[in-house]
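A.B. asks: Protein chains in written order, with full-length UniProt numbering: chain A, 1 to 160; chain B, 1 to 160; chain C, 1 to 160; chain D, 1 to 160; chain E, 1 to 160; chain F, 1 to 160; chain G, 1 to 160; chain H, 1 to 160.
All the pointers check out, no bait thrown in.
No farther apart than 30 Å at their CA atoms in a straight line, the calculated lysine-lysine pairs in the BS3-like style are these:
| no. | chain 1 | residue 1 | chain 2 | residue 2 |
| --- | --- | --- | --- | --- |
| 1 | E | K117 | D | K63 |
| 2 | H | K114 | E | K104 |
| 3 | H | K149 | H | K114 |
| 4 | F | K117 | H | K63 |
| 5 | C | K148 | E | K117 |
| 6 | D | K83 | C | K117 |
| 7 | E | K148 | D | K117 |
| 8 | A | K117 | B | K148 |
| 9 | F | K63 | F | K114 |
| 10 | E | K45 | F | K149 |
Here's a subset of chain D near chain C, in silico, CB distances under 10 Å, partners left out:
| no. | residue |
| --- | --- |
| 11 | L14 |
| 12 | I18 |
| 13 | S49 |
| 14 | G73 |
| 15 | F105 |
Everything labelled a hint here was simulated from the structure, so no lab data went into it.
Every value quoted in this text rests on a predicted model; they were computed, and no experiment measured them.
All C-beta atoms, glycine included, are put in the ideal place defined by N, C-alpha and C.
Protein chains: 8
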Amino acid sequence: MSKFRLDEVDHQILDMLIDNTRIPFTDIAKKLLISAGTVHVRVKKMEDSGIITGSSLSLDYEKLGYSFIAYVGVFLNNTSQTKFVLERINEIPYVTVAHVTTGKFNIFCKIRAKDTKHAKDVIFMIDDIEGVYRTETMISLEESINDKKRLMHTIFQELD
Amino acid sequence: MSKFRLDEVDHQILDMLIDNTRIPFTDIAKKLLISAGTVHVRVKKMEDSGIITGSSLSLDYEKLGYSFIAYVGVFLNNTSQTKFVLERINEIPYVTVAHVTTGKFNIFCKIRAKDTKHAKDVIFMIDDIEGVYRTETMISLEESINDKKRLMHTIFQELD
Amino acid sequence: MSKFRLDEVDHQILDMLIDNTRIPFTDIAKKLLISAGTVHVRVKKMEDSGIITGSSLSLDYEKLGYSFIAYVGVFLNNTSQTKFVLERINEIPYVTVAHVTTGKFNIFCKIRAKDTKHAKDVIFMIDDIEGVYRTETMISLEESINDKKRLMHTIFQELD
Amino acid sequence: MSKFRLDEVDHQILDMLIDNTRIPFTDIAKKLLISAGTVHVRVKKMEDSGIITGSSLSLDYEKLGYSFIAYVGVFLNNTSQTKFVLERINEIPYVTVAHVTTGKFNIFCKIRAKDTKHAKDVIFMIDDIEGVYRTETMISLEESINDKKRLMHTIFQELD
Amino acid sequence: MSKFRLDEVDHQILDMLIDNTRIPFTDIAKKLLISAGTVHVRVKKMEDSGIITGSSLSLDYEKLGYSFIAYVGVFLNNTSQTKFVLERINEIPYVTVAHVTTGKFNIFCKIRAKDTKHAKDVIFMIDDIEGVYRTETMISLEESINDKKRLMHTIFQELD
Amino acid sequence: MSKFRLDEVDHQILDMLIDNTRIPFTDIAKKLLISAGTVHVRVKKMEDSGIITGSSLSLDYEKLGYSFIAYVGVFLNNTSQTKFVLERINEIPYVTVAHVTTGKFNIFCKIRAKDTKHAKDVIFMIDDIEGVYRTETMISLEESINDKKRLMHTIFQELD
Amino acid sequence: MSKFRLDEVDHQILDMLIDNTRIPFTDIAKKLLISAGTVHVRVKKMEDSGIITGSSLSLDYEKLGYSFIAYVGVFLNNTSQTKFVLERINEIPYVTVAHVTTGKFNIFCKIRAKDTKHAKDVIFMIDDIEGVYRTETMISLEESINDKKRLMHTIFQELD
Amino acid sequence: MSKFRLDEVDHQILDMLIDNTRIPFTDIAKKLLISAGTVHVRVKKMEDSGIITGSSLSLDYEKLGYSFIAYVGVFLNNTSQTKFVLERINEIPYVTVAHVTTGKFNIFCKIRAKDTKHAKDVIFMIDDIEGVYRTETMISLEESINDKKRLMHTIFQELD
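The following block holds chain A by itself, in its conformation from the complex (with noise of 0.2 Å):
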């Protein structure tokens, strides 16, 4: 869908961002033999045209007391109200993710917490938006993947 085109270098140039954002452009320069002004202005094409949104820190949440992640599935009284209660989610800094969905949900949460007891009153915050008629709650026991890198390799690999 994308009507701007990226070419091989730009691809070279995000599959090392992507393994390190924090990566000297003069590094990626000396690795592409091209100069950093170029890898500066071509990043900035990217930036600009929306392809590249940002970048994240990787945190390891346990080792900051937050290991309880849960999903919730949100029920709501009609989904008039799926704009209204988003805004209220979005309020709660605990839910990092949420989807409108198909399927017996409406809404559906990705939570991270401290422990049981924290996990239940961010619940029960979801719970208490007006709108927000029932929730269901899937505890994780262990997060196995969480690593979009994968995928984004793969995608450019695709594209060239």
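Given chain A, work out where chains B, C, D, E, F, G and H should sit, using these hints.
C.D. replies: Using the frame of chain A, we list chains B, C, D, E, F, G and H on its own:
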């Protein structure tokens, strides 16, 4: 649970890195009125202690032709196969997240695909893993929230 | 239940029309060694008795940009609203089939949409009808069979 | 997705054929103030490009003794059997529609039968296919809408 | 729980009546080598004590045009309405059995109807009772066993 | 569907027998102002044509120590085993009703038992039949309606 | 069902033991104005008749590091394995309660674990028992009531 | 989590009390070769720190006429009512355990009743609490394990 104790300067450094992983250490230093060397030492210490585990690029998947998101619940024949199946799932780059869960599913995955047809292929890859006896799929109609930054800021505010 | 009795000539005419609704009556007549007038009279009689209710064009929806098919189960607040809700659903052209059903749903619909985003809009239209209290959606990954002709031929073979 | 571009004349021809597949081309020509030859060429082109894939007769199944409609959800032992099972299902003429689906079922079928007893026989035929491990049936109490014409007209209005 | 104790003669009388409620008391008497008066007294006593509560005719519902059997699970808004709703259900003659149940349903009914259309009407009658908030229907494809006689004989064999 | 036509006299005879299967034919004759012989002939004819299939005694199961009623849904490994499993179920006298059903169960049974412990034994008998892969039980807390007479009277009123 | 009849003195003794199992018999004797020997005899008789089966210490599991409670529903391949599986479950000390149940599960357990990770290990122990084909887990967010004393007092009040 | 540290003597004392809460302190002292005063001090300290919260009598409920056990899942209209509903549930002595849970239920209770009829009354008491919108009941056919002692011994073995 972390034995390593973060002080307020660490929190302020993290707060800035969370918003922009590529911010130069000299900028952080200037804002906090400390030396760039100190920033470097602090970040290094947080990396060594495992609090910071890396950084990741945020791309616009829709612009890259990957607009289809689904959650796939996996039923195993037997939980003794969990580790084996997770290793197989880990070979499918379109699976970006996988959890061992309570409730009706044994494993719960998030996948990104190009379209309905591609999603079918990815789901069938999971279905065909030895030990998987059924899957159930819930399709995302809209990814409304995907933001760990709010949580990260909240964690460091709480710790202060 | 039909009082009207079809004879073997009717069956042979129907068999040809099932395969090609646009076949000229003169072609049918030639094959059956009867006059075109007879064909005309027979078809007219089957239309008047309500056996033949019309004909419909088969288009390639995918080529027309409508590749998304879903089944939507509708729960009503009260079955006394069934007729009213069906009239509202009937105003949504993206709903091509709707049934009053046994089991967990009150009404069960088939929809065709352009893509995930459009499907969401159509589902929300249904959800917003007064009297609808929830919907559940099941998405088609592939329309493998859509063929009434086999059934029609079978019916007339059985009747012979 | 279609490379072939339909113009307004094509849409008007399709609009007339949708309502009556047996309408003579001379009638279409008269209404659109073009020659019958042009109509013929246009329809031919739409057939060659695969937009028009055929036409089908609409019969009153109730009058023909087939008043029983059910939806049958099929669970497979393994999705690798999907293609094989669909080929077996395709040999049962009472199955008029079959989809590979997300959600709890692997395959979802629509069947038409004479009565409860006949429906049982058809369901048992599906159940007995190798690779099918269970089916669940939902019975239609009334086919309230079965109409693709509204959608077709809408598609061409949108395209204009 | 019964204070009233049945002896072997009672059991033998019951065994004969179970097989044929219209058997003359003189026949029973002859077989058991007792007087018809004794049979009469014994039956009267069993009726007075409430062990025998009546007799019912067995008709072939299919021959009478009532071949459609369904089980309807009823969800109430509130169990305090159970008694009221059962009284309303009791006014619908097509409901032959109704239970207050554990599990997902509050009330569970068996209905007999003429055909699919009639069944829909009966289900809608139940759905329209005040206090009923939803129903779920399961259709019988075949009544394979309907026989209390085996149980009755077993009870009296056990008691001997 | 019955070819045999009942007239009003038949209906009146049936109406009386429904209420009391043991009513003497002379009583029926007197009320209808016909001869006892006519009553006899009519009843015989209805028995021969299969409309009347017998009669059954109504006992108070609670007084007999059988106060526990449950519905047991049976899942089969394969529907081809339906006939075989029903024959095995038919050997368990505590099963008074069994249906082949649509929906999630393959077979649906009604059982009567002495108490919780006995019910467990009966359920385990069903579970242990070859071909049965799981059962689900729903327990009756109260048998509120068990009355075919209302339906029978309604049928004959409708026929008049 | 107990043949052994408790009198009011027994009830009063039980009422005191329920509140404090370690209360000295002399204290009970003083309060009831009977001899300590009588208390001893009465308690002995209630133990011999099996009414009193023992006593148990109440510990604060949270203080002992066991704050995680979950209910685990177990599906068996076949109910004939129930006894065998229960013996295996009985070897897992983290399972404190297990029932054979009606409804969707064959066996229903309560477990106590240290945390999410430990709970996963316990659930996997159950899953790995031969004959267990799946489990479903429901996690307790708060144990709000765990009190048999109210019931015990009620029983003896009712008996008086 | 407990700040209070138990040493091996505490564990040995607890091990003996777990098996018999009524064991005299002099018996414990003799076995551990310490003074009865030390036992007293140790137990007092464990009570004061909240590790030992009491003791409870084990009665044979079946002998007392309470042989019916059920699990009741409670759905609330809104989780903000959780506290209020738990207070009402707490007034029903037949509810011995209640948890706030994840999954489909908001509250999950264990009840003990005399028989099916009594269970119905208890379930209806819960259903009639304001804020409860539905309940689902699962009946125990056999309480196979109810034993906290194994867990307690395991905890103290692990701690050593």
